[in-house]
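Chains A and B, in that order, are what the protein sequence lines are.
Per our numbering, the very first residue in the first sequence carries number 1; after that it's consecutive.
Per our numbering, the very first residue in the second sequence carries number 392; after that it's consecutive.
To be clear, the hints were calculated from the coordinates, so they are not data collected in a lab.
Do not take every clue at face value.
Said to hold, decoys possible - Below, a sample of chain B positions facing chain A; criterion: calculated Cβ distance under 8 Å: (1) D459; (2) H460; (3) V576; (4) R655; (5) D739.
Glycine included, C-beta positions come from ideal geometry on N, C-alpha and C.
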Amino acid sequence: MSSAGFTSPFGANSNPFGSNRVDTGAMHRVIEEDENDIVTSPTTPNFGSGAAFRGPFGADSAYDPPTAGLRSPPPNPEGYPHQYNFARRTSVSAESLKPVADTYDNWTPPSHPKSPEQLERLKHAIGGNFLFSHLDDEQSAQILGALVEKPIPTKGIKVIIQGDAGDFFYVVEEGSFDVYVNPTGALQVGPDGKGQLVGKIEAGGSFGELALMYGAPRAATVISAEPHCTLWALDRVTFRRILMESTFARRRMYESFLEEVPLLSSLTPYERSKIADALESQKFPPGHTIIREGDPGHSFFLLESGEAVAYRKGNETPVKHYKKGDFFGELALLNDAPRAASVVSQTEVKVATLGKSAFQRLLGPVEGIMRRTKYVGVKSGVEEMDPLQVS
Amino acid sequence: MDNGEAPLDLASRKLTLSDFQKVRTLGTGTFARVVLVRPAHGTEEDRSRVYALKMLRKTEVIKLKQLDHVRHERRILSDVSGHPFITNFVASFSDHDFLYLLLDYIPGGELFTYLRKYRRFDEDMARFYAAEIVLVLEYLHEQQGGIAYRDMKPENLLLDAEGHIKLVDFGFAKRLGNNDDEHAVETYTLCGTPEYLAPEVIHNKGHTTAVDWWALGILIYEFLTGYPPFWHQNPIEIYKQIVEKPVVFPHDPPISPAAQDIIRQLCTVDRSRRLGNISGGAARVKAHPFFNGVDWDATIQQRQRGPIIPPVRYPGDAQCFDIYPEEDATRDEYTDDMAARYDDYFTDF
Chain A
1 MSSAGFTSPF GANSNPFGSN RVDTGAMHRV IEEDENDIVT SPTTPNFGSG
51 AAFRGPFGAD SAYDPPTAGL RSPPPNPEGY PHQYNFARRT SVSAESLKPV
101 ADTYDNWTPP SHPKSPEQLE RLKHAIGGNF LFSHLDDEQS AQILGALVEK
151 PIPTKGIKVI IQGDAGDFFY VVEEGSFDVY VNPTGALQVG PDGKGQLVGK
201 IEAGGSFGEL ALMYGAPRAA TVISAEPHCT LWALDRVTFR RILMESTFAR
251 RRMYESFLEE VPLLSSLTPY ERSKIADALE SQKFPPGHTI IREGDPGHSF
301 FLLESGEAVA YRKGNETPVK HYKKGDFFGE LALLNDAPRA ASVVSQTEVK
351 VATLGKSAFQ RLLGPVEGIM RRTKYVGVKS GVEEMDPLQV S
Chain B
392 MDNGEAPLDL ASRKLTLSDF QKVRTLGTGT FARVVLVRPA HGTEEDRSRV
442 YALKMLRKTE VIKLKQLDHV RHERRILSDV SGHPFITNFV ASFSDHDFLY
492 LLLDYIPGGE LFTYLRKYRR FDEDMARFYA AEIVLVLEYL HEQQGGIAYR
542 DMKPENLLLD AEGHIKLVDF GFAKRLGNND DEHAVETYTL CGTPEYLAPE
592 VIHNKGHTTA VDWWALGILI YEFLTGYPPF WHQNPIEIYK QIVEKPVVFP
642 HDPPISPAAQ DIIRQLCTVD RSRRLGNISG GAARVKAHPF FNGVDWDATI
692 QQRQRGPIIP PVRYPGDAQC FDIYPEEDAT RDEYTDDMAA RYDDYFTDF
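Using the sequences and the hints, build the whole thing.
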């Protein structure tokens, strides 16, 4: 049965108070229309515009709020953010993404070759952008590889159209582009349909970044301003997938490393996952002293890649070798005793590290975790395995 | 239509739209519409009842790639139903074009409406609502095995006739599990409301139930000031602020040190420091000085009425809800092709 057969006994829009608040429907339309305001945002807040802000109740309401006299708040309320929009906010959502390991399909990030100069320019172009600035080296390299060249041969080509769904982010490699905004929120037909020229984007600039988050309608129309322009394009699913896959893989790796730490063997998988979430990655060159014998111990380390060795004072022969998946310094989680050995990187190493304070913030004192019943016979294991144990 | 005395069996999965009479629309979203309905037949008692019927148009669900989300919504709603601060799930059914969720009708309207009407809440009011929300989050996160709600905002909080909170719209809720099976405890799909998104969602770092604690901080801020801490006309600028800027408080109205502190602790970018996510979970939130004086047993038992008593004159009174257009703008056909491809996804309804 379709909704056509679904009629209201009182007729559409029936309102016992017969108010004109039906006008406010404009405030509650779908995402697309709300988002159209993105750049132009000519919408001064509807707040105070009478009908839109009459409150929910008719005059016969028994309701007598403290601010009853305030039928319509001032049009420019002091203290509110400039042009704050008081309307209902619409939820947003991207397409659901599941990591490869979950779905068993095959996915590798696309890679389009670029010259070293092109890579340098691209790095510079996206380096300051908050959507890229937090990426690690591997993620950055994959993102840069995934950007695909898009030649724009002639002047006047509309690369993105205001109001259309956006799926791509663009970096300008060569040429320039004009940005137009139509106050209606979408490109219209006719000579003035693209609206007003509000800006120009030159080589090294970029546009359309909201499309990297979710499929919002474009806030402007962007048109090539000269012939022979070149763009680099990146689509949302590729971008989000690169970030997701590497984060997912790293977290599962941390969790599997953590499973091997006897001191933490009684953690539930959920707790391990919380710890994995809080681990911080650090890189060190070969020959770097990661922890020094005699120093107070504050954090523990997992070796993500590379190799390291432990030395004790007065002994030039390493007392232990560490490789990927090994850990050291975990007794720091237990007490502040000085480090019983130094650990030095032999190759370039990547470690994941967690401080005692972060551990305790997340899971409480380690002693409590050790006291769990599952923690049996582990203490001797730590002593055997870890040269950093104070003897 | 049958006006016989046979009782209406809501537990039956054979409900159809013709079992209900539409009163009016209570709210609209991108692919859903919530309408106030009465049973069209059954005993006199049946017919005196009212419900909220959420109608999800299949074509829009598919177009907006929300298949997983509507399935989670149906599952989770029925799992969490019965909590005092969560809207009660009654039944679900479907027809050729729509999926339906039949819910208890909550007559007080959205907390959003009252917040905008009052401009802001004083700290006692904010504390009352925040306390009820803390108990909902404690329940979802800790007693329901890790359900992340993911869309906390005043628009999704209704008031019942006594002025208590009811959390509605579980469209983005997701059971993250506790990792005892093979599944990850974190999830990666960006969803929520721009002003309320946690930094880890924006950065696609994988997110957990910790996003709800972030959103609670934003919510308390908005209660106390009338607007969220991060705002701009351009959503990208909101996201930039969320990941880069600290929460700052206005001079007017003055926000108490305890309120500022709980907001800062909830809106902490580093999840290993975020209140609610750190050791102790919700208990630590409840112990924060902002909640000093809250009787948590009295709160869960709803021993006190809320600070706002909605002007509800009779059980089916809808005057607390805004008026919406009764017709959908779009009406794409749900074709046989689509039915063949997608109907398997909807079998839970």
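*Is the hint on B/R655 kept, meaning its closest Cβ partner in chain A is under 8 Å away?*
Interface hint status for B/R655: violated (15 Å vs cutoff 8 Å).
*Should the hint that B/V576 touches chain A count as held when the rule is a Cβ pair under 8 Å?*
For B/V576, the interface hint holds, since the closest Cβ of chain A sits about 5 Å away, which is under 8 Å.
*Verify the interface restraint on B/H460: the C-beta must sit less than 8 Å from at least one C-beta of chain A.*
At about 7 Å, which falls below the 8 Å cut-off, the nearest Cβ of chain A leaves the hint on B/H460 intact, so it holds.
_Restraint check, 8 Å cut-off on beta carbons, for B/D459 near chain A_ = Holds, about 5 Å.
*Classify the hint on B/D739 as holds or violated, based on whether any CB of chain A lies nearer than 8 Å to its CB.*
Violated - the Cβ of B/D739 stays beyond 8 Å from chain A, reaching only about 17 Å at its closest.
When the structure is compared with the earlier hints, violations turn up for hints 4 and 5 and for no others.
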